[in-house]
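Asks: Chains as they are written, first to last, in our numbering: chain C, 1 to 332; chain S, 1001 to 1235.
Don't read these hints as lab results, they were simulated from the structure. Be aware that one or more of the hints could be misleading.
Claimed, not checked - Have a look at the derived ranges for each label pair, beta carbon to beta carbon: (1) 90(C) with 1058(S): 52 to 58 Å; (2) 318(C) with 1096(S): 33 to 39 Å; (3) 1096(S) with 224(C): 21 to 27 Å; (4) 224(C) with 1183(S): 34 to 40 Å; (5) 1183(S) with 18(C): 42 to 48 Å; (6) 150(C) with 1107(S): 40 to 46 Å; (7) 20(C) with 1183(S): 50 to 56 Å.
Small disclaimer: the values here were computed from a predicted structure and weren't measured. Just so it is clear, CB atoms sit at the ideal spot from N, CA and C, and this is done for glycine as well.
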Amino acid sequence: MVTAATSRIEGLRNGAAVPVVSLVLIACATGLLVGSLRSATFAQLTVQGLALGAVYGILALALVLVYRATRVINFAQGELAMATTYIAYQLIQWGLSYWEAFAATLAIALVLGTVLELTLIRPVLHRSAIAAVIVTVGLFVLIDGIVNWIWGGDFKSMPSPFGTKIYHVGGVSISRLYIGMFVVVIIAALLVWVLFRFTKLGLGMRAAALRPAEAALVGVRVDWMLAVGWGLAALLGAVAGLMAEPSQFFLEPTLMQPILVYAFAAAVLGGLDSPAGALIGGLAIGVSLNLVVQYVPAISSELQEPFAFAVIIGVLLLKPSGLFGHREVRRV
Amino acid sequence: MTALLELEDVEARYGPVHVLHGISLAVDEGTVVTVLGPNGAGKTTTLRAISGTVRRSGSIRFAGGSLNRVGPDGVARLGIAHVPEGRGTFSELTVSENLRLGAYTRRGSIQPELDRVFSYFPWLSERRRQQAGTLSGGEQQMLALARAFVLRPRLLLLDEPSLGLAPVLVAELFRIVGELNEKEGLTVLVVEQNAHLALQAAAAGYVLEAGRVVLSGSTAELQADDAVRRSYLGY
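Work out the full structure, taking the sequences as your base and the hints as a guide.
Replies: This is how it looks when you write it as structure tokens:
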């Protein structure tokens, strides 16, 4: 009874919060549109920010999936994404085309993420979530070491997936790369949404993440679902890595480190348990970083990462549940 | 005829706390059996031992096979639906998603099962897109029951279905369980505080005290027993 009552109250609260958040988002979008129409530089920065933000958003989505399934923040998510990008690089070196390597890498990432959960996370997760978080920190160091050992720390270059064509719309030049990045990420996110919303596997994964004990009672293999959740997160990370690489022009072991910080900011801003929030948070961080660096003289591009940290701290202080997250309700 | 479900000398514990001290009971196919007893007697734990949600020892046999090494998801796959105390509906999911989860272990189209369930709970059909958490307590209990039926279980484990429900709803709930038992031969093991109701609905019963079976028999025998009348029926 208590849970039923609180969840209904919670429903009302969210019901009241959603219009406010939507109004803020519509206001921001209008602001961006007006700014873009008035200034070509502003438009260009906005488009670029949206493309980069989509990459932050998809990595944030990976963090959110892992958090929802196992209540663990995976600090190794970025390094895992970087490692899978190296795998794609290697496959291309061996003669695969870019998109063949892309598809193969996603499959490898899915298996890799699942196996990592089964072998490293599962054994400690039953003891405590904190222990699992520490394991992910260890994993960060481990993956970094392995990649440096296999491929070395020097810059590698990969073929460009979208070519170098630049479109001119009005006075604004838009690189095909940014459109490609954005479209690929949105397609990936849509497929994840379809998986969760319309398939039996997705329903089982949601049930396992929301209420593991009850999910087991209806026959869901909870442990297996959580492992697949990690695999899916690694797959999304691989998309993030592969889309981040062309925007950074080179592949190097530190590729994903700043992006992980932006993804954390995106996930916290969107609400750590909200997949849609992660994507919107990613876009917001991407655009605002670009605009702030350009238009706020005090913040130079060296201060991008501290700016993202400021966002994290600000959100945690002012609205810990983020824009779309659920406030945690405990039984009294 | 051998029983559909047979427990022999089942023990269970939560950490160091011993809750069941050797429970033996049997449920014949197509019957409704009830478990009575005071708070803390181990009624809920008995059901949890069957569905594998608590660590247990002793022998538990279902339809001829042993459940001893089967986890909760495996038990569900064998056709045992457990409606836990406090309902266990997924309040964050919609009514329709809750029902689809009930049929999670079934293959192929579940539309016939849904239609069948909607014939027992017509109002669920209109509210299938509603979030389960926004239903009232009674409606959630009905949804939990409906979700269990979608599985087309061979055995239904019901834990305190009347808890927190208005008497009208409790009667309705037991009427539906009775109907399913008569029409479809559903086997039910029900734990219930309300001994009046439970003994009306059931054919046989067990009385638990402090983790042991202290009395068992047909409902007529139990109703005639002085101790049962004093402790549970109040006359």
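Asks: A separate judgement is required for each hint: does it hold in the structure or not?
Replies: Okay, the hints, checked on the actual structure:
1. 90(C) with 1058(S): 52 to 58 Å: Holds: the Cβ-Cβ distance is about 55 Å, inside 52 to 58 Å.
2. 318(C) with 1096(S): 33 to 39 Å: holds, 37 Å
3. 1096(S) with 224(C): 21 to 27 Å: holds, 24 Å
4. 224(C) with 1183(S): 34 to 40 Å: Taking Cβ atoms as reference, residue 224(C) and residue 1183(S) lie about 36 Å apart, which means the hint holds.
5. 1183(S) with 18(C): 42 to 48 Å: holds, 45 Å
6. 150(C) with 1107(S): 40 to 46 Å: holds, 44 Å
7. 20(C) with 1183(S): 50 to 56 Å: Holds, since residue 20(C) and residue 1183(S) (Cβ atoms, about 51 Å apart) stay within the stated range.
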